[in-house]
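*Asks:* Sequence:
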Amino acid sequence: SGRIWSRVAGYGAAKLYQLETLAHGIQTIKDNYTRFIALGREPAPRREGEAKTMLVMATSHQPGSLYTCLGVLAAKRINLLKLESRPSRQRAWEYVFYLDFEGHRDDPAVRGALADLASYTTFCKVLGSFARNT
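Position 103, counted from 1, in the sequence shown is what our numbering calls 85; the numbers after and before it change by one each time, with no gaps.
With a cut-off of at most 30 Å between alpha-carbon atoms, the simulated DSS-like pairs for lysine-lysine come out as follows: (1) LYS107 / LYS58; (2) LYS64 / LYS12; (3) LYS(-3) / LYS64; (4) LYS64 / LYS107; (5) LYS12 / LYS(-3).
Keep in mind that the hints were calculated from the coordinates and are not lab data.
Please build the complete structure, drawing on both the sequences and the hints.
*Replies:* Next comes the structure, spelled out in structure tokens:
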């Protein structure tokens, strides 16, 4: 196919997908619980079963802006699974938020929430939807 792929993954994933291992023991912490993801330019095909979606967004630096965005998910009855903040690379003392929530990006409730979030965020990008058991 002409594509070159590279991944950081555990032994089980390498065995399952018949991948060549280039290096072993690259973690810096013995009991590493890092979550690994595969990136691509195109969305992966939807699989059977329950899904979750990963999103990155930034809000205005105003009181209640994150609260408003989380309210969008609540209004669509979308369950938040994970929320992390990281410093913005664009502006000092501002943050971007990484969210995992139940549902696939193609589900009507999720599509509606994403459309609504566009009104309340300064940046909003779906990183992907994938099987919930991962």
